[in-house]
Structure formats: structure tokens, C-alpha cells
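Peer 1: Letter by letter, the chains look like this.
Protein chains: 4
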Amino acid sequence: AQCSDGFKPEEDDGFVLEDVPHLTKFLPDLPSYPNPLKESQAYAIVKRTFVSSEDVVAQNIVVQKGSKRGVHFRRAGPRERVYFRSDEVKACIVTCGGLCPGINTVIREIVCGLNNMYGVNNILGIQGGYRGFYSKNTMNLTPKVVNDIHKRGGTFLQTSRGGHDTAKIVDNIQDRGINQVYIIGGGGTQKGAEKIYEEVERRGLQVAVSGIPKTIDNDIAVIDKSFGFDTAVEEAQRAINAAHVEVESVENGVGIVKLMGRYSGFIAMIATLANRDVDCCLIPESPFFLEGKGGLFEFIEERLKENRHMVIVIAEGAGQDYVAQSMRASETKDASGNRLLLDVGLWLTQQIKDHFTNVRKMMINMKYIDPTYMIRAIPSNASDNVYCTLLAQSAVHGAMAGYSGFTVGPVNSRHAYIPISQVTEVTNTVKLTDRMWARLLASTNQPSFLTGEGALQNVIDMETQEKIDNMKISSI
Amino acid sequence: AQCSDGFKPEEDDGFVLEDVPHLTKFLPDLPSYPNPLKESQAYAIVKRTFVSSEDVVAQNIVVQKGSKRGVHFRRAGPRERVYFRSDEVKACIVTCGGLCPGINTVIREIVCGLNNMYGVNNILGIQGGYRGFYSKNTMNLTPKVVNDIHKRGGTFLQTSRGGHDTAKIVDNIQDRGINQVYIIGGGGTQKGAEKIYEEVERRGLQVAVSGIPKTIDNDIAVIDKSFGFDTAVEEAQRAINAAHVEVESVENGVGIVKLMGRYSGFIAMIATLANRDVDCCLIPESPFFLEGKGGLFEFIEERLKENRHMVIVIAEGAGQDYVAQSMRASETKDASGNRLLLDVGLWLTQQIKDHFTNVRKMMINMKYIDPTYMIRAIPSNASDNVYCTLLAQSAVHGAMAGYSGFTVGPVNSRHAYIPISQVTEVTNTVKLTDRMWARLLASTNQPSFLTGEGALQNVIDMETQEKIDNMKISSI
Amino acid sequence: AQCSDGFKPEEDDGFVLEDVPHLTKFLPDLPSYPNPLKESQAYAIVKRTFVSSEDVVAQNIVVQKGSKRGVHFRRAGPRERVYFRSDEVKACIVTCGGLCPGINTVIREIVCGLNNMYGVNNILGIQGGYRGFYSKNTMNLTPKVVNDIHKRGGTFLQTSRGGHDTAKIVDNIQDRGINQVYIIGGGGTQKGAEKIYEEVERRGLQVAVSGIPKTIDNDIAVIDKSFGFDTAVEEAQRAINAAHVEVESVENGVGIVKLMGRYSGFIAMIATLANRDVDCCLIPESPFFLEGKGGLFEFIEERLKENRHMVIVIAEGAGQDYVAQSMRASETKDASGNRLLLDVGLWLTQQIKDHFTNVRKMMINMKYIDPTYMIRAIPSNASDNVYCTLLAQSAVHGAMAGYSGFTVGPVNSRHAYIPISQVTEVTNTVKLTDRMWARLLASTNQPSFLTGEGALQNVIDMETQEKIDNMKISSI
Amino acid sequence: AQCSDGFKPEEDDGFVLEDVPHLTKFLPDLPSYPNPLKESQAYAIVKRTFVSSEDVVAQNIVVQKGSKRGVHFRRAGPRERVYFRSDEVKACIVTCGGLCPGINTVIREIVCGLNNMYGVNNILGIQGGYRGFYSKNTMNLTPKVVNDIHKRGGTFLQTSRGGHDTAKIVDNIQDRGINQVYIIGGGGTQKGAEKIYEEVERRGLQVAVSGIPKTIDNDIAVIDKSFGFDTAVEEAQRAINAAHVEVESVENGVGIVKLMGRYSGFIAMIATLANRDVDCCLIPESPFFLEGKGGLFEFIEERLKENRHMVIVIAEGAGQDYVAQSMRASETKDASGNRLLLDVGLWLTQQIKDHFTNVRKMMINMKYIDPTYMIRAIPSNASDNVYCTLLAQSAVHGAMAGYSGFTVGPVNSRHAYIPISQVTEVTNTVKLTDRMWARLLASTNQPSFLTGEGALQNVIDMETQEKIDNMKISSI
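The listed protein sequences derive, respectively, from chains A, B, C and D. This note's numbering puts the first residue of the first sequence at 756, with every later residue one more than the last. This note's numbering puts the first residue of the second sequence at 756, with every later residue one more than the last. This note's numbering puts the first residue of the third sequence at 756, with every later residue one more than the last. This note's numbering puts the first residue of the fourth sequence at 756, with every later residue one more than the last.
It is worth saying that the hints were derived from the structure and are not from the lab. Be a bit skeptical, because a hint or two may be false.
Copies of the same chain are indistinguishable here, so a pair counts whether it falls within one copy or spans any two.
Cross-link-like lysine-lysine pairs, in silico, PhoX-like; alpha carbons within 20 Å at most [unchecked claim]:
no. : residue 1 : residue 2
1   : K1060     : K1108
2   : K802      : K1186
3   : K891      : K1060
4   : K1048     : K1108
One chain only, chain A, in its complex shape:
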């Protein structure tokens, strides 16, 4: 049954397409052209080079016989028709927010993709994040200029936080005659991309806005995993192994490793699961407490008696309420709007040191490691390199095909076009009620810090509530 764009659900099998805007929505007479890929020698033998407009990717794939089809997203990839002639394309790329392994690969592959596949060679690099649009020089990006940048970490185009002034940016886009905007950044940046799209639509400009989600924390909803995440988890092992060696070599050694993760503890959780030498993993989603029965202090004392050493991995956003409470921290935000986190690692190190030295009168050796920059700043590893290549090429195919106001990313490992709102409204967090967190608890044998009857219940309620908010569309 082949449903065209309007999607008239004959019988309600719960099929829902979360569609992405197309330029023809507000530029109905926009001409289209045959996709130059037809002539490309490399794609000559590809049986189905072009993705049909009907192809969609299913979001729920753990189903039951007859269960609702649920949400689908448009399959990414090249279309028969493109809505830009190669010579009229004037693209720009901007990178915003913190560093993450793989940004340079994405930049490189957008430039090479536009150039090799679509014969586009008018590509500008916006320098230093959003403010670069209106306060900086642009750079000409050619395959030659970006040829080796994937071998270095960081961003070739520099980055900054904040500086998003929608009107000024869209003015600049108009003034420079830019008609394709590739925006690499996290949740805050993608919200900016949505505003740019809305303003472009309001002004009726033929500008394709394509968002590429960048978050080392892996806290972007819908997509399986963010690029650079695997590289970061791998590099985090160095810090955890160092902490383990340090505390194994001293009496009552307690090693604390702070890893990235403002609102979601994915890096801390997966790095702990991959390492096997971690005794306790503290993440933003799982509240913990120090004092008294079932608290962290009690667990530390037990574990030191047992093994004489202990390693704790803590995400930067963990225990923030706890920290604020004990230090009346002011609610300062960084330029990207993220709550400026108190260094929970230094704070926890101090708390444990005081407790055991002054309260328990026990000798204790604290070793604190913060490897954040040494993880963010390395080049992406091989599998992330390939992931970034597919991501960049999907973004390019999408823009050339006239889609706009979309982000790209793998859904159940198939690249798809996702409405920006879907990835910005909800932060992807670790579900304590999922088996992955159970695996973590089983691997560390740490306490769940959920004492008192209500505790367990309100975690479940909290998450179910959160789930309901997210599922305002799906028709279960």
C-alpha cells in the first residue's frame, strides 16, 4: 500500500510519519532538476541510488504481532530530483558549542560530498560559531583545504557558545546569498537552527537549513548514538585505568574520575560497563546521598574494607542538587544556556576526604582525575569517522533534495531525516528502569541509593511521566 504525501490512513494501523519540512511547502513553484549523481561513475552500478519518497524508517522495532506501527521518519539519502542547480548552490558550515571528536570529519565530508557528488564548490566556513555569521570573516572551504583535517581533533572552523541572534544571522545569510546552511552543534544549537529555519520560511527564502546533532554526552533524543561518543568512551578508559592503578598502589585509595555528562550519564555508564574496574558510577539521572544507611559513605567504607581501594566514576552533572544544597550555589549559566556546573568531582573528593579523616578518623588517599579536555580534543576513531561520513552525506543529500529544518541521524542504525523539534524538546537521558542501568548496577554492585518505600516508586512515576510527555504523538 503506497501512501503519498497526504497519508490517508485507510485503516488505522497506527502508522505515523514525523515528516520534515520541504522548501516546496512555501515555495510551491521551486524548479527541480535531475540529480547529478546519475552521471557519477561511482554510483553507476548502484541498483537503487535514489531513495523513494515513500521510504521511511520505523522507530519502534521491538514490537508484538499486530501492534501499532508507530512513528516513522523519512529515510535519508539522495532523491531523483534536486531543488538546487550545482552552480547556484552557496553553502555554509558553522560549528557551535563544546568540542567533540569527529567535528572535522563532518566538515570535511560535507565539503567533499557537495563537491564530488553534486559538483558544488562554493562553500563558506563560518568562523567561531553563530556569532561568526555577523562578526567574523568567512573561509573558502575546498576539498584540498579540508583534505587532512580529520586527522586532528577540535574544530577547523573554531566554535563558541551562544551568540545566536536569529534576525542578524538570517540577514547575513540573505546578504551573502547563502542557500544551504549546515549547522553542527548540540541541543541549544539545534534550537537555534529551528529558529533560523522558521525565519527563513517567514521570509520565503530558498535556503535549506540542515542540522547535524553534536553532543559528546549522547543526550540528543531519537538518534541511536551521537558521533564521537564511542571515541570518548574509549579515551575515558585511560583515566579510569590510571585511577585504578593509583588507588591499588596505596592504602585506602579512593579514585574519582569525572566524565562529561551534564544532564545524562551515558558516557559515565558505558565507560564504567566497558572497564570492569569501577566500583560505583554516579549519574545525573540517579540521585544519591552520602550520609547514613545505604549512603555512599557507608558503601565506600565497606568496599575499602573488602578491597582496600575503590574507583568512582561521576558524571559532571551528577548530584547537582546535592552540591547546590550544601553550597547554596548560585544558578549561573554558561553562554550556551547550560547550568554552570559546580565541579562535582572536586566537591565529592573534598566531602569524602573530610568524612573519613575527621568523622571516621580513617587514613584515606584521594586521587581525583578530570580528563575532560583530553577526551574532547582527540580526533575521532575509525568507526566514528565512517559514522560522521554517512551523517555529512545524509545532510548534503537532504539539503539538495529541498528538505529544510531537519536534523540527520541513525534511527535503529538507518540514517533518517528528523524534525528538529523532535530532538530539541526532550533530552535523551539514561532510563533507570531500563536493563542497561541494571547491567551497570550488576557490574559495580553499588547501592541503588533508593531507600524508603517511596523511592523506587517515584523513580518509576517520574520516568513514566517523562515518557508520556514525549509520546504526545504516537497513537498507542
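Once you've looked at the hints, dock chains B, C and D against the given chain A.
Peer 2: Below, chains B, C and D without anything else, positioned relative to chain A:
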């Protein structure tokens, strides 16, 4: 297509479940018990610890509105009821075939999974592959013994090729009172596992046979990717970078890097895509020729004129017919039944050297690198470690839940139980008509070696034929 | 200048031997035996297995025609005669102070050396530093137990600071019948070794005390370089490269990397020279100031204008007086007697941030990295492994040959026995008037921070004064 | 013994200076100028910036009271007077022979040294080895061009073997007005440098010829260690560890790792000593035999019985006579005049496989690894980077000070100027009668392969004979 009885297909939406055998199929009165995981502190707050017997994973997730549901596999994970009491379980683990990063992690997590989650502590290590059943001592495996083995490459239980004597093995299983058999190995090994299952069923033994697919070549069908593949692609970068530096430093330098890949060129393809300094990638699936128009020699000469150096990545199984033809090689097989491959790397190096030195009278500098063992023998990286953990735990949950004759693996990144036949009948190979191979060709700008009109067509025919064989079930 | 008796200086060519004590000095009738190495198959073909008692290593080797011979130390290595029968040897090994790559290799090679070369298999591991003598269980160390420990960082025997009670330790040595004591530790630990030697001599005990200098800071006098130093400088590159990538990617990025170096800046200096991306290197020996003309703030501003980013490497002991002055820090010491250093890295980051944000009203992006534990805790690299092997074997040969109260180490790359006092009285520091520091300044083009006429002069005076103290012997 | 004119041997204390030629030798009126370093800000506070013409480095530093002073070499470093004005210098750099980690660091530091210290900015890169002088374009080398090359392996100037035509090269030097020639290469290349020097002297040209010894095999006499050697030994560990894991995982696994070392086995020996998992190390200096009592086959069988696996490290030049004998190999040479070695690794693998399969009827698993290019092609590690910096700066200081026909290198870790002949006449080989080889034998417990009484004796005679040839000068 075997629709499990429980499913009454009201109207035919094409839903097919490729089910896996259950012990109750031939032991109908086998008693079941509540899953001990209920009491596990770690799983206490998991909302839905147990996978419902209805949960299945969809294989085709790039669909169209109303298209057939297609094939599904049982979702992996713990079930409400188990068919073994913890104290009656006597498990054994065996590793067969070539080395691959991650084997030790799988061994460790099977032992720790059985022990921590199911209270099982009677676990035997079969030494040195299948022949270990009947010709070697077994080892007692406890969490303490395997605690650090994931930090070392290779297999803690040693391995060998061949040695599969179904009767002798099942006799040994019976004599030792083993009732759970975990078999880590490639395609050949999984065929052996199927024979063991069939013999166990014939003898009506309460023995769960669980296969864990191990192939560094990634040539196992159905599952997304085999464990150790990412680690191997990452390590291969060292060899490619070395070849690139060597040939950049000399006049007319041609570097050849031979990578694993007997029948499928995934490692060669993905390593090339991840590296960006490779000029040509030769894989078993894509025939190539040396002489004349559009041949490799012509391409090498062009590229040397252009860049004065060139890097070729070649899979060990590439050009075998070509090699055999030119050397009348005998069809010898190694103990695992794999065609003993002529070292295509040494062969190609010699051919190129002779051609340019004697025929073209050009000075040429050949640099040949075979990093095979340096890639196979390293420990798995962080993301493969987590993948192996999930794989091992799925195998344990499956066996405890009474399933048998199944392999485990991620289907669209959701772990599932897959009938062994599904993964052994067809070898997973690179589809030349897919966009990934097109991306490869685009990234190297190498010739497609498909000259003459027919060439392109017969590749497509060949693959479509192959696809039809594979899709004997799906009802599209 | 203490000339050993055996040397009749016919005419005074300035030859001085800084000799090490021998057990026969206070145990004249101590029997000696032929060195078992004679029978060793491995040493069979060594022409001159045994070092002659006349062989010495020259300290000053940059000489002039006819210049005085200067100081010499006894050449390390096996002697014809040994003063312990293999079966009577009861050796112990203790590791004190902070971690350093290579400690486990030294432990391993002392055990294997004693065992393979001298047939000694009664070797105790003292756990947790000096206090282990009187408050901990000992471990039996055999080649099998230590076989793989060189592959892990840290110390297999655990360590601690302080806890040196000479009487209690020598009592314990006497009670356990220990007659060879191998002490791995820094300057403070070697002073403890000297006290143990003096007490042993006072009690007339047949106990050989052998010190092995361990200091990642390379601040031990006389020896060329301390073990683990090369490994540390190599690992430090990761942190410097990460800082460079981070600051290159942002506007006005200032990266600060704090490296080890309490009193001497060798790691900071050599890591900077090896990296080439460092703009300024601050070490304890070279005072610096922040404000005003020629100060660090002025230099930072210039460099930011020029490159928009900057990397500063700072040794933990740098600018301590400056820090104390600005924060009236109390003079607390850690258990090893080292002045508890205020974290100069955090302090400097804060100072620069305040200055540019509040005083200069300039936007500035600070990135602070403290990789200390990630450098100390890794296993030693290949060249350090070989260095540790020679060091351990020299210590064993020395003790077996009846020497005591000595440390071992390479002098002009030839291993020698050095009186403990020689390495404890003076800390090895970077000479600002040497060409190595000039190379550093040339490579970073940083200011010398020596403004005002007197400044340069008093540095030279200070160092000449220091040199005079050190050179109480040498007769140039 | 050639005593330079300035030295009047009052009484014969055996002092000998192996002096290096100076341009004034055949250009007596060559004007000299004050060294620009005087004005350099970096060198301002260096107490003794300039090396006195009297300063020499002692070669024998293991001496005895009153023993002869022996050979000395001129201390490297800047002199008060230079014999080239900065603006008249026209320097060129050439790299010849096989790759070695660190070449790019040497190139970089010569360019930066000439530029920063001496204000020279007319520096040419000769491309592709000696033949580049007369058959290739030159490149302008500036600090900017070479800024990052030390981060990549290989040689930025390309290299080749042979192509040395003294007359053509000196013509080219004359035609281009080059007056400083920096030659980076091995033994063969340094011989070429000597011929260029002699021809320059014959023509009375004001051209300083400075040789920088490059040999990954460490087979250059007089200097302590060649640059890149430490990096190579470190990288070799990957191959040895891989071989060890592979053979530990199979029945009767024999791993063979072939390492560089045409005439001397330093890399094989030191890599083995550093690793501890090697059972046998075969080097060119130590003849071995396969069959019969005390042979390699017997040793392999014993070791397999004991451990079921074994790792052999073999230098490429080991057993060549043996190989030639058994295969009547023809004496072909590569373009650098090195005997084209039969791949002894492949040969030995085959021999062992045949022996155990056909003669001993034992199942055996051979694993052969040749990591040569993966070791040669990596960038130098941190300590080699610093070593290369000192080497390059010494070469620049020497040329500017008017010395010529000299090589640079550390003698007892102090950089010195060494007559080219001293490093080309004798190849630095492993002395079997030294304690380092004894340490190797002790660490592997391999047989000495010296059966029959004469064997040991003739090794000693052979080496003593060799020593006598080398010591035609020294007056002991």
C-alpha cells in the same frame, strides 16, 4: 516461514516470526521456575525486567506506509520463567577458529552473567576448540579466574580449527552432565553448533545449545555487525598510515596493505572509508583485472603520475580466481574448511613490480604490509567490550529460558535470538549495488573494473539472484 | 674528598674516587665465595663477566687536555667474589613515595636477578612503604608471582609516604633475619636508606642496604636521568596536544597544563621541547611575575593578538613563593616532607581569567588540564623497561658483592655505585645558565622574566653559589 | 693518533683528540665573525654560551686510577667565532636511505636552528636523496613550511638509495652557490658525505659538509645510540605482544617476529629485553643452527613441551650464511649497497613448519609477523624528538663554526663532532662477550648455539680481532 503456533494472523499483514527452538518442543514436561533475577538487587528498579514472549524485533525497518511487516526475530533478554534450577546448571564454553578482539570479554561475561544473575557456579572451559571436548582437560571458570582476561587479546580457552565430531562431542556432553553449551566461533563453528543441537534433540537431552557468532570479517548474515569488527578497523589504520608514509617518502611508491576478509571485504571497505589516504580498495566481491584498458596497471600508472605515490588495500580473499588462474593453485582447505588462500598481497606486489620494472621500464618502490596478526590479537576496544557484554548476557538469558539451537546478535541494534540456519546458510557479503560501495568508489575514485556492457548487468543479476535465494521467506 | 685507601696518587692528577661502603669495613672477617655467575650458562661466553675492583666511571667527561681527572664512582656490575652464600640470602624490597612508571619492572628484575643469577629464592615484599616493615604482612616474591607485573603501572607492593622509624625498621630487619634490603624511593626515601645503613653499621649487622632512586621529577643529583622520566615526558604530550586543540578551536583560548616537578622543572622543560606547540614553560627554578612590563600577562596578550590561542606548561612547584604571597598559604608538608603545594595550575588559571575579564575586559577561554595521575600510573615504555632492568641488576650485583649504603644509577650512561649522601644532599635542578634552558626559551620565544639589571646577575650568582656547594670535592 | 696542532703532550698520559677538519685548514684566510647568538635574547642568561675550542668529550669513561686518557672528540656546540655571515649562508638538506622515526624532526630543527639562532633563511631541500642534487627541483624550506612536519613519520624531502655521483653533486653545489650541506643518512650515505667533503676540499670551496647519522639498526660506531632507535624498540613491542597472544591461544603455537637489523641485532636484542615474553632472539652477530644437539629445533621442541607456545624474534640479517647455504642465494645488493637479504623470517617459518610437520610429525601453528614498515614509518616519540633537536642544533653550530667533514652524535650522552671516517669504517655490532648479550641469554634462557669447545673461543677471538682493527688509534 514458520509461524509459531501462538500467532493467529487475522488479516495477512506479512508478519513472519523466524522462531528459535525451545527445549519444551521435545521435552514437553520440562519444569520451569521463577527467574532468580526477581530477587536481584540490581534489577529491582527495572520496570520491565522480563521480556514478554510476544516481543520480537523487526528485520526490515526501512518500509513504506502499509508495506508488509516482514521477518521478525525473538527479542533477547531474561524471561519470567527459567527451565534450569541454578544448582543443576552445568555450563561449558568453547572457542573455535581464528582469533578476534573480544573473545575473552565474551567468555568473562558468560561466566559473570551465569554467576551474578543466575547464581550458577559450575562452569567448564573446554580447551582448544571442538577437539577439547574429547581430547583435553577442562578448566573451572569462576568470576575470579576470568576477572582480568578482557584486558588481554586472544582466547583464554585456546582455540583450533576443525575437530568437529558431533557424536563424540555430544557423548562427552552427556558423560560430563553438561546442560548448557556456549559456542563462540565463525560460520563453520555455528554449523557445528547446529549439528550438536540436532543430535541433542535426537537424544532428547535437556541441553541448551547457544551459539555466539565470531567473525572478524563481519561475514555473518542477519546480525548488524560482528563483535571485534570496530576494533579491527581501528587497528588497521596503523598499517594503512604506515604504508602511506612509506610511499609518500619515495619515488613512485606503491603501498599494498592486506587485510582480513576471506569471502567478504567489509574490513577492507570500512578501513578504507575511515582512512581517506587509500587510492584503491580490492575486495572478494568486486572482480578486478590488471592488464589493459580500465585495468589496475593503467590506474596505478595514472595515479603515480598524479601523486607519485599510491596506497592499495586488498582483502585476503580478493582476486582469488585471478590468482589461481595465473598460478594453477591447488584447492587446499585449512582445517576450518576455508579455501587456503594464496597470499594475494605478495602475489599482487610481485605482479605490479614485474609489470612496471620489465614492461613499463619504470622505477617503482613496492611496500607490502600484512598486519593480520597485529589486528586479530589485540584486546577489544571500549564499544566492542560493551557489545560483547550484551551478547554474552543475551546468550545466558536465552539458555536459562530454555531456548536452544539459537545464535544471538543485534538486529537493527536490538539483540535477538536467531535460528542458527539463518546465519550459516548465507555469507554476509558487500553488495556492490549498495550505496556504501558507491561511497567507497567515490572516496578512492578507483575504476569500477566493470568494462564492457554486460559487466555491470551481470553484477546486478548476480546479486539479485543471491538476494532471491536469501529471501525465500519474506513475502514482499 | 675521601680517597679510598687502595689508591696512591703518585702525582696529583686530581683523580678522586667517591667510594661506597663495603661490609668488610665493619665486618673484616666476613667470608667471601666465588660468584655463582661463573657457572651460569648465559654468562659463559662473556669475556669479562666480572668488574674489576679498579674500574671506575668518570663524572666529568667534557674535559680539556691535561685537566684534572675529577670525581669517579665505582663501576656497577658483578664481582669475582660475593659475600653472601645463595641459600643464606634473605632479601626484601620496599617501594616508597609517589607512583612512577617502571617501579614494577624494578621489582620484577630484582626478584628475577636474585633468582636467575644468584639462585636466591628467599625474597620478601614489604607492603605499603617503610611502615610495612613494622605494621604489615610481607609477601613472598618469586619469579612466577612477578612474571607479568611489568605490564601494569603502579607498585605491586603498594606504597606510602613517611612512616620512617629507623630503629623499628632495623629491629624488624634483625627479627626477620633479612640481610639484603632493596629500597625504591625518592630523595626522602634515600635519606631513610642512609639512616638504615648507619644503624645497621652501628649494630654491626651483615645487612646490605641498596638504594634505587625513583623520582618522576628527575630531581636526583649525579645520575643522568631517573627511570620513568622518558615514559612520563611521552605521556605528557597527550595533555599538551589536547590543550593545543582546545585553545585553537576557540576565541582567545589559553590552555594551562600542570605537570609534575616539585622543585625541578625537567618534565615541564623536556615535554615542552619535545612538543613544539607550547608558548610558555614555567618551572620552579625560573621565577616569573604576572603584572607589568615583561610580565606573563603582557606576554599572553601579545601572543593572543598574534595567534588567538596560547598554551602554557607549568610545573607543580613553579611560582610557589608568588602563590604563597598572594594567598598567605600556610607551610603544610605532606607525609614525605614535601611542601604541600598549592595547586599552582588552578591558581594561575584563576589569575589570568580575572585579569583579562575584569582588568582588560577581554573575552578569554581558559582550559586547565592536570594529567598527573594519568602520567604517573602507566607502565614504563620499552627503553625505560631496559633501563629498570639494568638498574635492578646493578643493585643485586652490588649487594651480593658486599657493598652497602649505596644507590645505583647511570653516570654518563654507565651504571655506577654512588654514595647515598651524594644523591640526597643536593636536588638536581634545571640550570638556567645551561644551553638546554636557552633552547627552551628559543623554542617558545617566551620572556625570560628577568628584568632590571640585577636580575640576570643574581640568577648567575645564585647558581654559581649552588655549584660551589655541590663541588666541595672536585678540584678543578 | 693525530693530535691537532694546539696540543703539546707534555708527558704521555695517552690523551688523543680525534679532531675534525676545519675550513681554515685549506682556506687559511677565511674571515670569521662574532657569533650572532651573542645578541639572542634566549641565550642572554646562558653563562657559557660558547664552547671553548679546548673542550673535548672523553670516549673511555670506565677507567682505572692512572689509566691512559684515551680518545676524545671535540665538544659540539656554538663557538665564539663563526665563519659564515648569516646573509651569505646558502644551506641545503638531503635525506638518503631507508625511513627512520625522527628524520622530519631533524629537518625541522636544522631549518629552525639556522633561522632562529643564526638568522639564516636561505635553506634548500634536496628532494629524493643524493640523485636530487642533479635530477630534481629543490624546495625552499622556512620555519613556517616545516612547522608541523615532526608530527608525521617518513621524510618531508623524500629519499632514495644510491645515486651518489660525487663530481655531479659537488658541481651542483658549486652551481647553486650552496655553502652548507646537511646530509642525513646511514653508513653508506656518510661515506658519500666524506667523498663530497674531500672533493670540496680538493676544489678549495668554502662549503661546510655536516653528516647526521641515521640508522634505525643502531649500527653506527662511536655514538651512544642512533635517533629513532628508542621509538622503533617501543613500536616493536606491538608486534611481539601480538605474536605472543596468537601463539598462547593455539596448540603448539610458534610466533616469529622479524625486526630490522641488517648487520647488527640491537633492535632485536633490546626489544626482546624490554618485552619479557620472548623465548629466543636470533641476531646476525650470533650464529645459530637448526638441526641436532643444542640446535634451534631441539630448543623449540623443549619449550613447546614446557609452555605449548613460543615466540622467536629474529633480525633481518640473522642466519644469512645459513639461509644462503640452504638456498644458494645469489649475492644481490640493493641500491644502497646493502646485501639484498633473503627474507629470513619467511625462510625460518618454512623450515620450522617442515621439520615439525614432516620430520617430527607434530602439529604446529606458525604465526609470522613482519612489522618493519609499521615501525619505520611512525613519527619519533618525545625523547627521540629532543635527541633529534640537539643533533640538528649541533650540526648547525658545527657548520657555522667552520667545521666540515664531520658527523654529530652523543658520546657518553654528550654531543660531539666526530670525523666521518670514525663512523663509517666500522659497523657497530652487538658484542657477544658483553654483559648486555649475557642479560639477553639470561632473560630468554635460549641456547648459546656454541657447541663444541672451539666455538666459544673463536667467538672471543673474532671479537678481539675486530676490536684490534677498531683500535688502531687508541694507545692502550
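Peer 1: All hints are to be evaluated individually against the structure, with a verdict given for each.
Peer 2: Quick rundown of the hints versus the structure:
Taking the shortest Cα distances, K1060 and K1108 sit within 20 Å of each other inside one copy (16 Å), while across copies they are farther apart (43 Å). Taking the closest pair of Cα atoms, K802 and K1186 come within 20 Å of each other only across two copies (10 Å); inside a single copy the shortest separation is 41 Å, beyond that limit. When the C-alpha separation of K891 and K1060 is checked against a cutoff of 20 Å, the pair qualifies only between copies, where the shortest distance is 15 Å, while the shortest distance within a copy is 59 Å. With identical chains, the CA atoms of K1048 and K1108 are at most 20 Å apart within one copy only, with a shortest distance of 19 Å there and 42 Å across copies.
This entry satisfies every hint, going by the numbered hints stated previously.
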